[in-house]
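*Asks:* Here is how the chains run, residue by residue.
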Amino acid sequence: MAIEIPKTPYSGKVREIKVGKGEKAITVGGENSYPFYLFEGTMTHKPRIAMEILDSPPQEWPQAAIEPFADVINDPVAWAKKCIHTYGAEMIAIQMVSTDPNGTNRGADEAAAVVKKVADAIDVPLIVWGTANHEKDTQVLTRVCEVCQDKRLIIGPVEEKDYKKIAAAAIGYKQTVVASSPIDINLAKQLNILLGNIGVADDMILMDPTVSSIGYGMEYCYSVMERMRMASLTQQDEKLQVPIICNLGKEVWKSKEVHLPDNENNMGNAKNRGIMMEAMSAMAMLLAGGDIIIMRHPEAIKLIKEMIADLTVA
Amino acid sequence: MALTGIQIFKLLPKTNCGKCGIPTCLAFAMNLAAGKAELSACPFVTEEAKAQLAEASAPPIHPVTIGTGATAFKVGGETVMFRHEKKFENPTAIAVLITDSMSDAEVTNRVDNFNKYTYERVGLKLRANAVAIKSISGDPSKFGTLVEKVAKATDGALILMSDNPDVLATGLKICSSRKPLIYAATKANAETVAKLAKENSCPLVVKGSSLEEIAELTGILNKTGVNDIVIDSGSRTVKQALQDQIIIRGSALQKKFRLLGFPTITFPCEMTNNPMKEALIASMFIAKYAGIIVLSDLQGEVLFPLVVERLNIFTDPQRPLATTPGIYEIGNPNENSPLLITTNFSLTYFIVSGEIETSKVPSYLLVMDTEGLSVMTAWAAGKFVADLIATFIKKSGIEGKIKHHKLIIPGYSASESGGLEEELKGWEIMVGPREGSHIPAYLRNLKA
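Chains A and W, in that order, are what the protein sequence lines are.
Just so we're aligned: the first sequence equals residues 1 to 314 in our numbering.
Just so we're aligned: the second sequence equals residues 1001 to 1448 in our numbering.
Just so you know, the hints here were simulated from the structure itself, not pulled from any lab data.
Some hints could be false.
Said to hold, decoys possible - The following label-pair restraints were derived from C-beta to C-beta distances:
1) N1274/W x D262/A: 12 to 22 Å
2) Q235/A x N1164/W: 32 to 42 Å
3) T1324/W x I5/A: 41 to 51 Å
4) K7/A x E1371/W: 17 to 27 Å
5) G199/A x T1324/W: 46 to 56 Å
6) P9/A x N1274/W: 47 to 57 Å
7) A1041/W x Q235/A: 46 to 56 Å
8) S11/A x K1256/W: 16 to 26 Å
9) D262/A x R1236/W: 53 to 63 Å
10) D109/A x R1319/W: 45 to 55 Å
11) Q235/A x K1256/W: 21 to 31 Å
12) A1041/W x I5/A: 43 to 53 Å
13) E1085/W x F39/A: 15 to 25 Å
Glycine included, C-beta positions come from ideal geometry on N, C-alpha and C.
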């Protein structure tokens, strides 16, 4: 009996974006079908995992997340190198937690100097992520753009309320921006348009739909991402044909459940529980359309990379 | 060609007797059209109308019930490819594998875990659904002993697995009254196994080596009167198994291809030896279309994230999940501890309570019924405003638990603070942060 395989009527594809420099530069995007629907289309570039580091020692990480980095946790440069050389990281994401005005409120110059050191020490693409405080991110991220001129960084989050100055700096110093919007496909599209209007080139934009962990509203970003892909691939919505980046690790590892001790509430081994919550959250983001996922635990990353390989095997 | 609700309504008795469980014939017709009900629920429909409606009204993916009583579950009945279009109907069932080559201790341990690992979330009890009992030896009496043991040890739904009809018959003799899922009819044994399914009125898995072969088999089974079918596409690689799930659902929904219009069963337990990888594969199948997933073992650290992911994916996107309103004590608060208030959108509650916990400042959290709306939405809709909040505070009983009269309200409802001070005489209203992530700093400052 012949089966008539249903075909999705694709009419567009996600833009290809190159980040980083030299041999280790990475191109993401280029897919012309839903994620892993390889019987219908191609994923020109496989999704990538960026490993997360902090610009200052973490305050509230559970033991399971600290353990793999215990020897480097006070030194962002050593931390980044360990991610690359020990855990095979293809990209690094530095979270600028020290700049949070509700925390240590480190100044822009000092913060940018740390980023510069890391950027100089590694050859893989570097993502720099602020604290989502508009005023402070404007100071810190513009300064980062400047001191890391031509490093081809990825700079985010760039939001509707602070995009002008940060994007201007990114244009001037040739950095890629992350357009960040609050779980809303229309706001995401609008911000991409605004960025285009002030002169950010199409191939210098990634978008962040705002993501969350399993159990903390994952279904909302999951569906928004699916709708973004639907719009970009089947409705020729050019302004949404943008690769998606998910800053996921920090969301998972702040959840209540990863902090509970072993066997609490029948939830088994604490370390493996955290790894599974991170890996499963990442799996969902990949199935919804994530092109770059920022993750924390090396074992969760190893599992998810195996899944990507299994799903894209020739 | 699918009929509209009105077309279907014309063929119904129009008595509004309610015997189908739905108050009016029109509403029942609408549900039929949406694939949310089955014609057999109407006891009075004429044979003639039945014939006309059968083809048009059957849901594109046949819903199949497995098990009996409180632990029975339904799979299939799905109507969309993407959850934002309309909710996913029947959550993926999770099963644990037990075989007749395992030691007694191992069997007991797995069944114990199956029974024990349950989780409360937003007032729902989350758990695994079924035990899959598999014959490796091919020995009917050995299988019978195992089925008996498992059936006694749990009230969960059962799946009986063997390619030998004699083995299956032995298992069915013991537990057919519990409506187990029979695994599996194949090209080699379809006729005999179909007979077993029919005699015992149990649902049946069809396993084939290709979708073409499966469609042929389901066609044959349908002709013999077996309709409660679950599909195993036979693929055991991640890539092929995912594609099978997508194609099976797509051909049923988009091509209205009845022969693949059944829920599926998948076997992460046969796809890797690493239990964590296995769980990750299972998480993929929850998002992408499996009816049942069979795992090799249940450990809390993998089952908990799986059942929560399932809850998320199968949440109705049009109806937010709500938390039970009331007083929540976080970190053993006392009569001097801070008092915060928020709305009962479950996500709001999870974030706010999580952040309070992170602050390590023992506190009371009042969760007010706003019909599952978040703070901003509830405020805009007039459901989280001064007079309602004041009434809630007075009725909540919180005044018996604290000595002070200070209330911290969310930053997004700051404009209610004046009104609240008027409504709640003698109370000091404090405006907290707008974002949950700023709660720990706020509470620590308060304490300092």
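*Asks:* Should the hint that D262/A and R1236/W are 53 to 63 Å apart at their CB atoms be regarded as holding?
*Replies:* Between D262/A and R1236/W, where Cβ atoms are some 33 Å apart, the hint is violated.
*Asks:* Does the beta carbon distance between N1274/W and D262/A stay inside 12 to 22 Å, or does it fall outside?
*Replies:* holds, 20 Å
*Asks:* For the range 17 to 27 Å, tell me whether the beta carbons of K7/A and E1371/W fit it or not.
*Replies:* Violated: the Cβ-Cβ distance is about 42 Å, outside 17 to 27 Å.
*Asks:* Has the hinted range 47 to 57 Å been met by the Cβ atoms of P9/A and N1274/W?
*Replies:* Violated - the Cβ-Cβ distance for P9/A and N1274/W, about 38 Å, lies outside 47 to 57 Å.
*Asks:* Between E1085/W and F39/A, does the C-beta distance stay in 15 to 25 Å?
*Replies:* holds, 22 Å
*Asks:* Can the suggested window of 21 to 31 Å be confirmed for the beta-carbon pair Q235/A and K1256/W?
*Replies:* holds, 24 Å
*Asks:* Honestly, do A1041/W and Q235/A meet the 46 to 56 Å range at C-beta?
*Replies:* Between A1041/W and Q235/A, where Cβ atoms are some 38 Å apart, the hint is violated.
*Asks:* Within 41 to 51 Å or not, the Cβ separation of T1324/W and I5/A?
*Replies:* With Cβ atoms ~46 Å apart, the hint holds.
*Asks:* Between the beta carbons of Q235/A and N1164/W, is the distance compatible with 32 to 42 Å?
*Replies:* violated, 52 Å
*Asks:* Can you let me know if the beta-carbon spacing of A1041/W and I5/A is within 43 to 53 Å?
*Replies:* Given about 33 Å between the Cβ atoms, the range is violated.
*Asks:* At the C-beta level, are G199/A and T1324/W separated by a distance inside 46 to 56 Å?
*Replies:* holds, 51 Å
*Asks:* For the pair D109/A and R1319/W, does the Cβ-Cβ distance stay inside 45 to 55 Å?
*Replies:* holds, 50 Å
In this structure, the hints that do not hold are numbers 2, 4, 6, 7, 9, 12, in rising order.
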